[in-house]
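K.L.:
The residues making up each chain are set out below.
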Amino acid sequence: MAEGLIKNRIRRLRFDHDEMTQQALAERAGCTRQTIGALEQGGYVPSLALAFRIARAFGVGVEDVFEFEP
Amino acid sequence: MQLGSIGLARTRAWLTAAIWVAAGVGFLWTFFAGGGPGSFPTDSLRHLAGAVALGLGFVGYWLVLWFTRQREGAPPSFDERDVAVVARANQVTLVVVLVGIFALAIGLWLVYEPAGDVPAGWMWLLAYGSVILAFVTSSVATLVLDRRTRGHG
Chain A
832 MAEGLIKNRI RRLRFDHDEM TQQALAERAG CTRQTIGALE QGGYVPSLAL
882 AFRIARAFGV GVEDVFEFEP
Chain B
6 MQLGSIGLAR TRAWLTAAIW VAAGVGFLWT FFAGGGPGSF PTDSLRHLAG
56 AVALGLGFVG YWLVLWFTRQ REGAPPSFDE RDVAVVARAN QVTLVVVLVG
106 IFALAIGLWL VYEPAGDVPA GWMWLLAYGS VILAFVTSSV ATLVLDRRTR
156 GHG
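Note that the protein sequences, when read in sequence, are chains A and B.
According to the working numbering, the first sequence is numbered sequentially starting from 832.
According to the working numbering, the second sequence is numbered sequentially starting from 6.
If you are wondering where the hints come from, they were derived from the structure by calculation, not from laboratory data.
Positions of the beta carbon are idealized from the N, C-alpha and C atoms, including for glycine.
Not the full set, but computed from the structure, chain A residues with beta-carbon under 10 angstroms of chain B: (1) G861; (2) Q872; (3) Y875.
Chain B is faced by these chain A residues, among others (derived, beta-carbon under 10 angstroms): (4) E858; (5) T866; (6) S878.
Pulled out of the complex, with its shape left as it was, chain B reads as follows:
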């Protein structure tokens, strides 16, 4: 399955970005709705909803990989340029996720330092958020870098 003639890497990136943005919105909504990080660890319903959002993200991502797999005998739909683009996108993702986790951790420390402790619920945002951020960043970086290597729009 490919969307028109945009290529497999772009098709996967668009679909993956859409899936993980939706999963991210779903998780953030469950995290912040109804009390935020203070009550999240003890609210089993929101816990479950957050886990479902993340789980659906992984299932959706797996389905994208399955439906866009290289068919036997079909012309190559993923080649060395795609590999190079995805590798570069993963490098960008690594840096973005590192900076994101660092910024959130330091931000929490700055906010809660006067109180002396950080609500444990924020750890859920750190854990789930890093996964979601990684997938979204990787997809967006792939789209941007793929466009750049084409040399035109």
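Only chain A is shown next, with the shape it has when bound in the complex:
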């Protein structure tokens, strides 16, 4: 599966943003808290739209949140 090729720094970015809660990030990104948890655990790869919304919630670019490892 291609899912393992995309890593993210969501947990680290939440920490850097005053320990933003998963629920707060979910509300900003327009998804559920369970999906944020799944992303942090590496169990789910988001759509491009959700990836952009998460990056925007942190005020950074998509590549600052997600990393593609070929």
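Since the structure of chain A is provided, determine the placement of chain B on it from the hints.
P.N.:
Positioned in the frame of chain A, the structure of chain B alone reads:
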């Protein structure tokens, strides 16, 4: 309505599984009690009981959807991951139901082939059973796949 913080998809799946397992037990009891498939087609009371079991399953399922609907202004309770999980669960359900119907049909043929005909009552089990199996499988598959995509327990 959500059960704690387990998410809408899991809440719906748990409730739907419970409803359709109950409906399935109810139908199987009415089907096999009092004579089985041989007398089921002509026993109006068991007929009615089976239909009530299936009907209650649909009403219960509709109530689950109603009470767990997305409220206006509330945070999203169902997102793209839930859609992906449910879609995958439906694929699994399709295969399971196909295999179930195939197995029952072939099983009946193997059992009754020497006699030359199959009691028509089995068609009720095939019809009702496929509906119940579909709902139960979809719910269980949703629970399993949702747990997998979380990457933890």
